[in-house]
Amino acid sequence: MSSTAEIFNNFQDYLNADYDLREEIRAVVRDLEQSAREIQTTLQAIHQPSKSTGYEEICQSALSMFSKVKENYAVLATKIPSNQYYRYNDHWKFVTQRLIYLCALIVYLRDESLVSRETVASMLGVKTNREDGFHIDLDDYLMGVLNLTSELSRLAMNAVTAGDYSRPLRISHFIGELDAGFRLLNLKNDALRKRFDGLKYDVKRCEEVVYDLTIRGLVGREEKAE
Amino acid sequence: MSSTAEIFNNFQDYLNADYDLREEIRAVVRDLEQSAREIQTTLQAIHQPSKSTGYEEICQSALSMFSKVKENYAVLATKIPSNQYYRYNDHWKFVTQRLIYLCALIVYLRDESLVSRETVASMLGVKTNREDGFHIDLDDYLMGVLNLTSELSRLAMNAVTAGDYSRPLRISHFIGELDAGFRLLNLKNDALRKRFDGLKYDVKRCEEVVYDLTIRGLVGREEKAE
Amino acid sequence: MSSTAEIFNNFQDYLNADYDLREEIRAVVRDLEQSAREIQTTLQAIHQPSKSTGYEEICQSALSMFSKVKENYAVLATKIPSNQYYRYNDHWKFVTQRLIYLCALIVYLRDESLVSRETVASMLGVKTNREDGFHIDLDDYLMGVLNLTSELSRLAMNAVTAGDYSRPLRISHFIGELDAGFRLLNLKNDALRKRFDGLKYDVKRCEEVVYDLTIRGLVGREEKAE
Amino acid sequence: MSSTAEIFNNFQDYLNADYDLREEIRAVVRDLEQSAREIQTTLQAIHQPSKSTGYEEICQSALSMFSKVKENYAVLATKIPSNQYYRYNDHWKFVTQRLIYLCALIVYLRDESLVSRETVASMLGVKTNREDGFHIDLDDYLMGVLNLTSELSRLAMNAVTAGDYSRPLRISHFIGELDAGFRLLNLKNDALRKRFDGLKYDVKRCEEVVYDLTIRGLVGREEKAE
Amino acid sequence: MSSTAEIFNNFQDYLNADYDLREEIRAVVRDLEQSAREIQTTLQAIHQPSKSTGYEEICQSALSMFSKVKENYAVLATKIPSNQYYRYNDHWKFVTQRLIYLCALIVYLRDESLVSRETVASMLGVKTNREDGFHIDLDDYLMGVLNLTSELSRLAMNAVTAGDYSRPLRISHFIGELDAGFRLLNLKNDALRKRFDGLKYDVKRCEEVVYDLTIRGLVGREEKAE
Amino acid sequence: MSSTAEIFNNFQDYLNADYDLREEIRAVVRDLEQSAREIQTTLQAIHQPSKSTGYEEICQSALSMFSKVKENYAVLATKIPSNQYYRYNDHWKFVTQRLIYLCALIVYLRDESLVSRETVASMLGVKTNREDGFHIDLDDYLMGVLNLTSELSRLAMNAVTAGDYSRPLRISHFIGELDAGFRLLNLKNDALRKRFDGLKYDVKRCEEVVYDLTIRGLVGREEKAE
Amino acid sequence: KTSMVNVDVNSAVIEAFQGFQVELDTRNDTYERIVKLSRDITIESKRLIFLLHRVTGSDDRDSILTDAAARMLELRTSKFLPLAKELKGQDPYQFLRAFSPGLQEYIESVTFYHYLADNQLASLDSIQTGLTFTLQDSNGNQNDLPKNLQVKNSAPRKLPDECIGNSDVPPSLKTLSDENKQDIQNRDVASEECLQGQNCTTDKAVAAETFDCESLQTVSVPVPPTEYMLGVADFTGELMKMAINSVGSGDLRTPRIVAEMMRTIHDAFASIGNIPRELRHKLRVLRQSLQKVETACYTMKVRGSEIPSHMLADVFSTAGTG
Amino acid sequence: KTSMVNVDVNSAVIEAFQGFQVELDTRNDTYERIVKLSRDITIESKRLIFLLHRVTGSDDRDSILTDAAARMLELRTSKFLPLAKELKGQDPYQFLRAFSPGLQEYIESVTFYHYLADNQLASLDSIQTGLTFTLQDSNGNQNDLPKNLQVKNSAPRKLPDECIGNSDVPPSLKTLSDENKQDIQNRDVASEECLQGQNCTTDKAVAAETFDCESLQTVSVPVPPTEYMLGVADFTGELMKMAINSVGSGDLRTPRIVAEMMRTIHDAFASIGNIPRELRHKLRVLRQSLQKVETACYTMKVRGSEIPSHMLADVFSTAGTG
Ligand SMILES: [Mn+2]
Ligand SMILES: [Mn+2]
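Chains as they are written, first to last, in the working numbering: chain A, 104 to 329; chain B, 104 to 329; chain C, 104 to 329; chain D, 104 to 329; chain E, 104 to 329; chain F, 104 to 329; chain G, 2 to 323; chain H, 2 to 323.
Derived pair list, reagent style DSS-like, types lysine-lysine, alpha-carbon separation capped at 30 Å:
1) Lys303/C / Lys242/G
2) Lys303/B / Lys196/F
3) Lys291/B / Lys171/F
4) Lys86/H / Lys291/F
5) Lys297/A / Lys182/B
6) Lys302/G / Lys307/C
7) Lys171/C / Lys291/A
8) Lys242/H / Lys297/F
9) Lys89/H / Lys230/E
10) Lys171/E / Lys297/C
11) Lys196/F / Lys291/B
12) Lys303/A / Lys302/G
13) Lys307/C / Lys196/E
14) Lys283/G / Lys297/C
15) Lys291/B / Lys182/A
16) Lys303/D / Lys171/B
17) Lys196/F / Lys37/G
18) Lys196/B / Lys182/A
19) Lys182/C / Lys182/D
20) Lys307/D / Lys196/B
21) Lys173/B / Lys303/D
22) Lys182/F / Lys86/G
23) Lys303/A / Lys196/C
24) Lys297/B / Lys307/D
25) Lys86/G / Lys196/F
26) Lys297/B / Lys196/A
27) Lys291/C / Lys196/E
28) Lys303/B / Lys291/F
29) Lys283/G / Lys291/E
30) Lys47/H / Lys297/F
31) Lys182/C / Lys196/D
Think of the hints as simulated: they come from the structure by calculation, not from any bench.
Turn these sequences into a full structure, and let the hints steer you where they fit.
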């Protein structure tokens, strides 16, 4: 056997292993996407002003779907060697951002506060820090949070349609806080920065809703001062 | 301080650290590129048949430039945490492929054999296996080898110009072996596969040179049987 | 040495000098961007009607950050030879427009008048005229002013939310004046023209706020006649 | 008159002056392009193997057209203030590169050597150095030289078709020297770098011609050793 | 002269003539644009409710500027061969649409009726029908009318601000009629279609103003029935 | 269940079934690709003139690998509904073209004739005509034949290298016939047309080999007349 | 010439390629005819959509819908029937790209029509039924040359009009019994034709009697579910336009109803996995359209909040009649 | 409804828009018919080009050219004549985008044909002449309804064939006398038609006699010079293919001749200023094509250098007959 043939001989195993692993990741990611879609569909009910179900009920129903998500992340975590997280990262990056956004939406609907990375991690069943294993990347967390703002600015309007005049004020305040938070960050010229540039439209949309309500006396001054 | 502000507070450190690290990587990569350019320029002499310097001398001169390369890889290795190799991978991927190609060229010129991953790793001062730390990725190694073939097919022609009629036959044989080796691999539809598709042109070009020599009786049958 | 080699010999110095200068410019520009971000964040407070701080205070705080800006422009001015301003122009164009907009916003908040080029130049520590050295380009000044209008149209709305019903009228009047001013200019089909096309939306938005106030009798006829 | 109106009042003059100047530049550039086209057409005759006119004659005829080029550059130089060369640079950049290439072609055809920046400058009637006024930018000079190589590699082939077997060797040698020269330069990732990446195809094409001639014994060994 | 040379010479003449003609057209169009800008600026006064000048006066002043427009169209008409209107169409398409819009606005302000193509043609000094020479394209007429609707919907609001409560009703009726007219048309997916898609928002805005007035009892029921 | 929900549920079932089917197809296609790669590698031996194995043996060995190919096509045929061949076509188009080319190569090596569609169909175990079920697309057949021509033009050269001077003539004749055949076709601007445009270079290359042999008297005139 | 290959024009290779020439030309000619039919269908469907928008704010809603239904029938007879004949015996997916633009635009218009008529989505089945045609061979023989096939649409009473495009009859007539429903993914064109043929004759027993079922042939333009959904997605754009137009006409009820419908479709699309790429882009547009309608609903709510109490009854009474 | 505007369907606005509707629909229908003609022209022109390539290496050159000429005549009669009628009385530039693809492909094929026949470029005039048609009103009256117009092509001897597409007759017949030449930029369609009409009748005096010139009408598809040049640029691509094909057929002479022609065209294009953008792209392709042919010439030269002296005469004698 020539030395060239020898050198090539065990490369195929390596390539096959990589191929198989990617296939397995893709299968898990597909399940995660399916879960994310279901949770998302469940949460869409918050925009239906005619529906009688309250936010609490909707969130409860959405939360119950996270056990399957956790299982899938657990499977993923066992598949990915710690030093190759970023090698395969692209496969689950997008769905993870979406699930983080869904966590953030649920937490906001319940507590009207920003979900922390720790909470997200525990909702998804992964680690908070890179050092501890399969984790949530900061970039993905921030992207998830940015996706929350556009959903909330839409909710602000639909809440008014449904006759809820105080929620928009609270949403506007919350998004304002997020805006201030992101302004502190010196983002690179990447996807995050681009998405952040869109945040100002959400801020403005909420301000417009508050303006519309204020000028018609639909919210009291005391509410705003809160 | 609102909880939102709290959550955002230490993100900037994280982002800055990432930014700074990337700047440092870029600086090292720039040095590596400079070295690669110099080594490449030195090795170009093999195509100039009028130059009096032999391959051995040229290789020697090229090899002496690798000490700086090694130093730079050593610096890089200290900067990259083992679990983030693939996070920053894109920065040095290209120059590494180029340096691997240069290693492969030198080894071929000296021994007329295919450089092994181990040899490349030792020439660059990095590890062979991922588990051991900063290493050469198999994909990059294969890409480097593929870049070698087009240089060799050019050399086959220039050797004839310089009056060396037996080298093209040996090169043709060597490239044929590489072609057979790559054929064994089931490559994904990626950069590597695309580059491999180009290999057939190198094979053909070498065959044409051999044809040209044969039809003019410039090589004996026994040489080819070798 | 061949004459070709001779010719190429000192080109590298030239190219390196250019590369280094651009790197230095980029570093200064990064600092300017950081300052601009901080000033902008400070000025955002004008939209938060619940905050107890007045415009005067906010402007004061923003102004104090300009000393660093001036320093950076001073550094930049020393680096750029007078006949190469437009060669490197692209690097600082964008951040300069942003800083001009911030100057214009501060001046408006204080005096309700349009900042002059002279004032901008002195706030940034640069020259007004090209002949005198590192200066503000007219295009950049106009672009900065156009950016002011969209911020003011937003402020008009938020002022109403905060219970200030006379400010929108004054803003509407001021933006109307700017609109008339720009209409006088015969702009080429460039970025400036495109941005000017957006001005009409700001005009319209202010008119809508005034309409909303008028139809509800929240402003007297005499105020408008002012 | 409101202060806003006042500020806008003299901007139009400035904008008009800029507009007019650009129109004038465009007119001159159009003339330069016309000249460049005529010179280029004249020089195309070198590829017509059947035409009986020699290179000397062709060059002579092309050179006679440069007086008009010089006049136009002289006009241009009077129009552009020294500190605004780079402001209007884009207008004549392309045609200048083309004229530089034509100068380089003529000089090569006559002397088989690389035209120097000084010679180009004197052929075009401009300055060599930025400090002295309207000048040739180094980037443009290098781009012009790179355009020369593809024309020469075409000439190498057509010379063979016309029965001139020794010229390709000299061209190959010359392009090899240029390649070595450019390799010394650390080019940024810009148009120049991209164009340089194309140079290797010209080198290869010439090598192939030399190979074709050598293997058929159409050039002697002594010729190549020259 | 060979026939190929002849063919290309003719083509060059053709292109040069075309180029010169386009330059001349561009110059006329530039004048038209200047006129359009001035007329537009004059008519802007209708939105400034504090100004003491009435619509009649404003229209008079605007109309007086049309003599220069007519002159320019007369010049244009002499330049364009009868069957090549659509060859050069793009040059004046945009400004013509704008001038048609201005005609339509003046006619509406005076008569509260839709300007006919014939009237537009006579105001601009061109023909109504293609067969008769330089004419108004139907698409351009329709585009001009669509631009009118957005201006009128703005006027409806500003009229309220100025205390004129009956005008919005009449505007709303007029725009409603135009909307019904446009809905009769089968538009292709072109600029006209896109602009028509925006018409519904103008209709909606007027309807909202009328609604605002109605619920406040600021218009009598009888007025609406009119 | 509302009818909208029903409609979308049906659609989801449809998409899932489609997805699953495509996954199954992909798996079979992957096997086919593996077979094609192996057959191709086996047939590559025809270019290695030093190998002692004859064409007959090589073909025999290649043919034995077709049983697995047949099995896979049989599986594929059962999966694809009769009127949906062209719905999934893209998945196996490429590998089928490759396998057709390999059939054509084997048949040529054995009989020196063009493989018929019927023979290809029987070698792959599919139908010849669409009406009868899973079949060979005419375009794919033609593409396979075009791939044959470039392989044969390469073989013509390598045959000379191996000392076989009569084969190039026969190949040249055969490719000439194919070229004449293809020129009868009216091809659209598709992949086939593009590939056909390359055929002329294969014809040219064969002609050149024959020319090389002829001027050296390595083939008799009588052989060519055959 | 040194070595010109003299190609024997009677060689097997040339003979084979002459056959290929015919095959390719025939296919390309068919493709081209289908493209032309598709262009015609696109144009008329677009015009139908414009016509249907005239319903908003019109007193003449019924006559517009009747007019639209008649034109759709004409479109099916004059363009889809020839298209169906072209596709007869072919793999329709081979020509899908040629007729897909027209088909999608048609689906958009039909869906819009049905929404206006029934306030619900037209089902894939009903659209497919409309594009399935029953032909009678003039000699009572099987003969697949198009020129010998006659559309029996012109024969009054013998074959009910619904056979050629029965999707516009009232929904009650169209409801398929449960046992006739097939899983969408399993149906193929052959069984579809058969199913439709039966429907035709069983729904109106009278018509069936006058007919020799053996001499009936059905041809159809198949509607792949993805094409159907692409048409539905485009239809939501028309819904949005209609909602905003309604506000302009003073109709305050329609936007809310439309928003509800759009939200249902939006959420349904959002919950679907394995979605084709072409559809994904349209969903972004759908999301934007939905937000436009939601914004209109919001604005109406906010403005409505200002109605002085003494006017409330008045406003609502007029709004109710809209 | 709160404030629905009741639009008076008899209002002046509505009346005007009903007129606009007719105008727009008419124009769009015309556009669509022209697009379809253009597609047909493109397809047939492409097939003509394929046919013409069969000349290379064929013994049957003349019959192929005759065949091509006949099909070109048929193409002009069946497609360009209807196109010319559509354009009659219109501003052709309004519909240029609709027929430009077909026209360019046709120019490409005609130019290719003429190069094969005459070894030179077909002039714009000759192409324009081929697309100018003389019609006779059946009643001898002016009547511009297309159905009343008859192409007199079918009447033997009365109207020479050249009137309908006389670009395929030998070049001598086509040469325009100098005084008939007009500056390209100054001609317009009207004078062009007139010019062609005169040519028709003066070139063949016999034919003119049998004719009442008053009852003759000419219609034409105008060929804008830029379209002509775009077609010529595409033609050079066919030249390149032909040159390489020639080498494959052992014809060593053609590539050199073709290279000469391409170089002439290439240099001519390169020397032109104010060049339209669409053309600029094609010139890059032309440059590549030229280099391919130059490379072929180079290869032949290099290979030819090896001919042993004893074979030289032999090879050249055979090459000469190719
Ligand atoms: Mn639509
Ligand atoms: Mn072509």
